[in-house]
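Chemist: The whole structure should be built from the sequences, with the hints applied where relevant.
Chains as they are written, first to last, in our numbering: chain A, 1 to 363; chain B, 1 to 357; chain C, 1 to 306.
Bear in mind the hints are in silico, worked out from the structure with no lab data behind them. Note that the structure is predicted; figures quoted are calculated from it, not measured. Glycine included, C-beta positions come from ideal geometry on N, C-alpha and C. Hints are not guaranteed to be accurate.
[What the hints assert, rightly or not] Just a sample of chain A residues kept apart from chain B, beta carbon distances all over 12 angstroms, derived:
no.	residue
1	Lys7
2	Ser12
3	Ile13
4	Leu38
5	Ile204
6	Gly230
7	Arg293
[What the hints assert, rightly or not] In the DSSO-like style, the derived pairs of lysine-lysine whose C-alpha atoms are separated by at most 30 angstroms in a straight line are:
no.	chain 1	residue 1	chain 2	residue 2
8	B	Lys87	B	Lys262
9	B	Lys61	B	Lys27
10	A	Lys244	A	Lys222
11	B	Lys282	B	Lys61
12	A	Lys143	A	Lys237
13	A	Lys227	A	Lys237
14	A	Lys7	A	Lys143
15	C	Lys113	B	Lys299
16	A	Lys40	C	Lys113
17	A	Lys40	B	Lys27
18	B	Lys282	B	Lys121
19	A	Lys40	B	Lys282
20	B	Lys262	B	Lys29
21	A	Lys40	B	Lys61
22	A	Lys222	A	Lys237
23	B	Lys282	B	Lys323
24	B	Lys87	B	Lys61
25	B	Lys323	A	Lys40
So you can see what is in the structure, the chains are spelled out below.
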Amino acid sequence: MKLELSKRSAPSIVMTYLSPLIGLSLALVAGAIMFMFLGKPPLQALYAYFIEPISELWSVHELLIKAAPLILMGAGLCVCYQSNNWNIGAEGQMIIGGMAGSALPVMFPEFSGPLVLPLMIVFGMLGGMLYAAIPALLKTRFKTNEILTSLMLVYVAQMILDWTVRGPWRNPEGLNFPETRRFDAFARIPEMLPADGRANFGFIIAIVVAILIWVLMSKTLKGFQVKVIGASPRAAKFAGFDAKHMVFFAFMLAGATAGLAGTIEVAGATGQLLPTISPGYGFTAIIVAFLGRLNPIGAIVAGLVLALTFLGGEAAQITIGVSDKAARVFQGLILFFVLACDTLILYRVRLIFGDKTAAKGAA
Amino acid sequence: MKKLMIGLAGVAALTLSMATGAVADDKTKVCFVHVGPITDGGWTQAHHQGMEQMADHFGDKVETAYIENVAEGPQAGAVIERLARQKCNVIFTTSFGFMDPTLEVAAKFPDVKFEHATGYKTSENVTSYNSRFYEGRYILGQIAAKTSTTGVAGYIASFPIPEVVQGINAFVLGAQTINPDFKLKVVWVNTWHDAGKEADAAKVLIDQGVDILTQHTDSTAPIQVAAERGVKAFGQALDMIEAGPETQLTAIIDTWGAYYIKRVQAVMDGTWETQSTWDGLKDGILDMAPYTNVPDDVKAMAEATQAAIISGELHPFTGPITKQDGSAWLADGEVSDDGTLLGMNFYVQGVDDQLPQ
Amino acid sequence: MGLTEAILLTIATAATPLLLAAIGELVVERSGVLNLGVEGMMIMGAVGGFGAAALTGNPWIGVIAAVAFGALTSLAFAFLTLSLAANQVATGLALTILGLGLSGLLGEPFIGKAGVKLPSLDLPFLTDIPLIGPLIFGQDPIFYVSIALIFGVTWFLFRTRHGLTLRSIGDNHVSAHALGIPVLRYRYLAVMFGGACAGLAGGHLSLVYTPQWVENMSAGRGWIALALVVFASWRPARVLAGAYLFGAVSIGQLHAQALGVAIPSQFLTALPYLATIIVLVLISQNIRMTLINTPAMLGRAFVPDR
Chain A
1 MKLELSKRSA
11 PSIVMTYLSP
21 LIGLSLALVA
31 GAIMFMFLGK
41 PPLQALYAYF
51 IEPISELWSV
61 HELLIKAAPL
71 ILMGAGLCVC
81 YQSNNWNIGA
91 EGQMIIGGMA
101 GSALPVMFPE
111 FSGPLVLPLM
121 IVFGMLGGML
131 YAAIPALLKT
141 RFKTNEILTS
151 LMLVYVAQMI
161 LDWTVRGPWR
171 NPEGLNFPET
181 RRFDAFARIP
191 EMLPADGRAN
201 FGFIIAIVVA
211 ILIWVLMSKT
221 LKGFQVKVIG
231 ASPRAAKFAG
241 FDAKHMVFFA
251 FMLAGATAGL
261 AGTIEVAGAT
271 GQLLPTISPG
281 YGFTAIIVAF
291 LGRLNPIGAI
301 VAGLVLALTF
311 LGGEAAQITI
321 GVSDKAARVF
331 QGLILFFVLA
341 CDTLILYRVR
351 LIFGDKTAAK
361 GAA
Chain B
1 MKKLMIGLAG
11 VAALTLSMAT
21 GAVADDKTKV
31 CFVHVGPITD
41 GGWTQAHHQG
51 MEQMADHFGD
61 KVETAYIENV
71 AEGPQAGAVI
81 ERLARQKCNV
91 IFTTSFGFMD
101 PTLEVAAKFP
111 DVKFEHATGY
121 KTSENVTSYN
131 SRFYEGRYIL
141 GQIAAKTSTT
151 GVAGYIASFP
161 IPEVVQGINA
171 FVLGAQTINP
181 DFKLKVVWVN
191 TWHDAGKEAD
201 AAKVLIDQGV
211 DILTQHTDST
221 APIQVAAERG
231 VKAFGQALDM
241 IEAGPETQLT
251 AIIDTWGAYY
261 IKRVQAVMDG
271 TWETQSTWDG
281 LKDGILDMAP
291 YTNVPDDVKA
301 MAEATQAAII
311 SGELHPFTGP
321 ITKQDGSAWL
331 ADGEVSDDGT
341 LLGMNFYVQG
351 VDDQLPQ
Chain C
1 MGLTEAILLT
11 IATAATPLLL
21 AAIGELVVER
31 SGVLNLGVEG
41 MMIMGAVGGF
51 GAAALTGNPW
61 IGVIAAVAFG
71 ALTSLAFAFL
81 TLSLAANQVA
91 TGLALTILGL
101 GLSGLLGEPF
111 IGKAGVKLPS
121 LDLPFLTDIP
131 LIGPLIFGQD
141 PIFYVSIALI
151 FGVTWFLFRT
161 RHGLTLRSIG
171 DNHVSAHALG
181 IPVLRYRYLA
191 VMFGGACAGL
201 AGGHLSLVYT
211 PQWVENMSAG
221 RGWIALALVV
231 FASWRPARVL
241 AGAYLFGAVS
251 IGQLHAQALG
261 VAIPSQFLTA
271 LPYLATIIVL
281 VLISQNIRMT
291 LINTPAMLGR
301 AFVPDR
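Modeler: In structure tokens, the structure reads:
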């Protein structure tokens, strides 16, 4: 018995929308079985996971808060990965960007007015861009592989943030606890609908940026360059596209989105800089980019879905008493099944028994 | 079509069952938010044990819920709010980083009581509670100075926050009452629990000549290393004697159960009020593990010190104490005020390390 | 035992899991597959190893179980990325999430249980030789396996026909397929070897390094291993150098702290990561060598056509 894949002449449109649903359904079944094994009511667990987080408005707000950085960084990483630049360091770029964005309210708290927030955002993006330029520089100048450099720089960024928040930027009124001073209203991203929940305009910014990146990728020459350089460096060279420029462009774009995400996190929900500002969003964003099939619009959907699984995990723990390990397993299962079913988009799947060919797969 | 109807009926039934599954009104619902896993062998596990103790005490009158591995920061707000909406009567948030999210959610739910550990902000319905771990560290320091032959102890520290600094200072002060020249080597592992790193730190300290270890991290790895190398060690947050039956001299045990019982009782009686408490050995919020593997005179000394702290005769931070930079801090007989301790970011003399300023 | 021996032993213990996971992943990547799930395979090996040892009381059974758990975990990855041509990066990350969660679930009954430690070698005369004695003749069995693997993998990749075939698949799987080489079969075996090595690394953590089970005890070592493969420019001997460099700087910075060196601990903690970048920049001056050894097909899916 053999599993055989035959490539479709063109990606199946039907499957593009159907396959994630098939994957999700399989994951639901697998998850239900797992919950049963753990002695938890399966239907209620699934309800807590998927329906509960979006059944109340305040919770939808939380979903948007969680999704914003994922969408932003996911969209930026789409550009990196499509151009074959393996940026694994979005987490570090987010941290440095968040720090850069916080520099103004922390170091010059007397400076107030409507200019503060836009400046913070600009600084945040610049910070992320510059930090992302380091692996780009090392790659183009020294041919140092960017997987290593961008990853190692994440740990470095975490330590820089930790030292800064505990040392020079420590809140003078904070009883020497590791936190910066709280930002005043001018340095905060306003909430969208304060009566209903905490979501701030960061989510709108994320959507807008993702759409802009999509326009870049699909409608501009730059986007074309990205795809050609990624798919075939030789063809790109013949066309006169500069691969070295692209390394910088891709990394710095991703760095800018990461820095923006960091600033939104800090200036939005938190309102100050803490020793850790991200529970691994930069790494989750990598999954978002790929689940979105390296398409920024896909990243929006994938970001929302992943944020839902996080929120759902919390709800399941609280409502059903599922352990957080089980919640994580379920999250992994969802990813696994969705990724497995993705195959159906590009390939026809057949099971071959001996020398009889039994076709099994959707058209 | 039939399948669709059955499916819809199923969803309707499910939704109905959810709606009618309300919380029984006579039970008090007690909820916990944890920063780490309840199996971390240290901080969170101790809180969880406190919760279980409380639940055993009240039996059918309470029901509990908890969530672990919640990242500190604004993300915690979603979790705390969900708990509040799940009709928790009192919510305990057991880590400093939950302070601001707790206050934010508390403002939205004035009927729910919130208790935040190791913070400093309170409000109408938010209480702050803390434990005087440094009292235990003082005793550890005394034992260390008595049992060490090299006169150097090793301290595996996590992050330079005031609580950790208090611990280091109290340890040194306790040791100096026995041996004024007692030295302390500090290693910062920049994590609360990473068994491998803690083991490495322990090996490094022992290699540099310490013969007694103490830690402000969660795993039993340092005690295991100490057992292998034949040096002594102290447990942290829980009794770690099983990891080192001949190694552990004592441990500081976080016994939150007594506090939790007190506060839940107050909620039940309707006498709950906001407060900011910093309980110590005398209130039973922490305890010392049995003194093992030490000669009787050391045991007697430790017990005497413990009793003196409980009775109020002895306060670990009593002058004369000089700061590391040479300046005078406490005059003879002067006792430190709580405010200075809560924000402690300086060392006393005798600590061979630098703090970020 | 003197201070130098003690420090070297501590470094060896710290470097061994990194070395094992990295050498396994090196073989995987040489075949053209990028498996970011090293952390997931490692932690599964750790829980499998500890559990088996705790249940049977025999640490050797633990070692076997660790290897098996790692290999089985990698099988899931292999099925998705090789048979179903799923995206390797995303699948690897999903595997890490799954592995961390599943190991937590499986390991729950073993929390707080006493560990069973693998005995170290103790040869009557040789182990007592000053300086090199304990280092060469007094370590745990997994250490010796890790060193043997460096030699074994080098020999396999560069001195055997199968190794050559594997490398050729990593460089151009289309041509390899055209030559009649069973590309997927080689990749399956390579991935499972990588899983076995990562599992063994996990077993080292829970059976030698810190004989206990703690959730997430791999603490990011899988990611370091991935970086080390890149650091090594996919050459086995350099994996050894990289793992020990990282281990040495990690232990060295702890010593600096204990000595009271007046540098902030955060900077010292960041030192191993910075050192890895800097050293890599310095040693990859020979661009030709780097390019020759980089598997060109890394991360690309392969679907055999007719």
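Chemist: Against each hint, give a clear statement of whether it holds in the structure.
Modeler: Now the hints, each set against the structure:
Interface exclusion of A/Lys7 from chain B stands, the closest Cβ pair being 34 angstroms apart, more than 12 angstroms. Residue-level check passed: A/Ser12 sits 25 angstroms from the nearest beta carbon of chain B, beyond 12 angstroms. Every C-beta of chain B lies more than 12 angstroms from that of A/Ile13, the closest at about 25 angstroms, which supports listing it as non-interface. Separation of A/Leu38 from chain B is adequate, the least Cβ-Cβ distance of about 15 angstroms exceeding the 12 angstroms criterion.
Every Cβ of chain B is farther than 12 angstroms from the Cβ of A/Ile204; the closest lies at roughly 18 angstroms, confirming the non-interface assignment. Consistency note on A/Gly230: stated as away from chain B, and its beta-carbon is indeed over 12 angstroms from all of that chain's, at 34 angstroms minimum. For A/Arg293, the shortest C-beta to C-beta distance to chain B comes to about 27 angstroms, beyond the 12 angstroms cut-off, and the non-interface label holds. Taking the CA atoms of B/Lys87 and B/Lys262, the gap is about 21 angstroms. The hint holds against a cut of 30 angstroms.
Proposed proximity of B/Lys61 and B/Lys27 is supported: the alpha carbons are some 5 angstroms apart, at most 30 angstroms. Proximity of A/Lys244 to A/Lys222 is assessed by CA-CA distance (about 14 angstroms); at most 30 angstroms being required, the pair is judged to hold. This hinted pair checks out: B/Lys282 and B/Lys61 have alpha carbons roughly 28 angstroms apart, not beyond 30 angstroms. Distance hint between A/Lys143 and A/Lys237 is fulfilled; the C-alpha atoms sit about 18 angstroms from each other, no more than 30 angstroms.
At most 30 angstroms may separate the alpha-carbon atoms for a hinted pair to count; A/Lys227 and A/Lys237 meet this at roughly 13 angstroms. A distance of roughly 35 angstroms separates the Cα atoms of A/Lys7 and A/Lys143; the hinted pair therefore is violated under the 30 angstroms criterion. With a C-alpha separation of about 28 angstroms, the suggested pairing of C/Lys113 with B/Lys299 holds against the 30 angstroms cut-off. At most 30 angstroms may separate the alpha-carbon atoms for a hinted pair to count; A/Lys40 and C/Lys113 meet this at roughly 26 angstroms.
Between A/Lys40 and B/Lys27 the CA atoms are separated by roughly 22 angstroms; this keeps the pair inside 30 angstroms, and the hint holds. Of the supplied pair hints, the one linking B/Lys282 and B/Lys121 holds, its CA atoms being roughly 24 angstroms apart against a limit of 30 angstroms. With a C-alpha separation of about 42 angstroms, the suggested pair A/Lys40 and B/Lys282 falls outside the 30 angstroms cut-off, and the hint is violated. Using a Cα cut-off of 30 angstroms, the hinted pair B/Lys262 and B/Lys29 holds, with the two alpha carbons roughly 15 angstroms apart.
With a C-alpha separation of about 23 angstroms, the suggested pairing of A/Lys40 with B/Lys61 holds against the 30 angstroms cut-off. Taking the CA atoms of A/Lys222 and A/Lys237, the gap is about 15 angstroms. The hint holds against a cut of 30 angstroms. At most 30 angstroms may separate the alpha-carbon atoms for a hinted pair to count; B/Lys282 and B/Lys323 meet this at roughly 28 angstroms. Restraint check for B/Lys87 and B/Lys61: the C-alpha separation of about 15 angstroms stays at or below 30 angstroms, so the hint holds.
Between the alpha carbons of B/Lys323 and A/Lys40 the distance comes to roughly 56 angstroms, so the proposed pair goes past 30 angstroms and is violated.
The structure fails to meet hints 14, 19, 25 from the earlier list, while all remaining hints are met.
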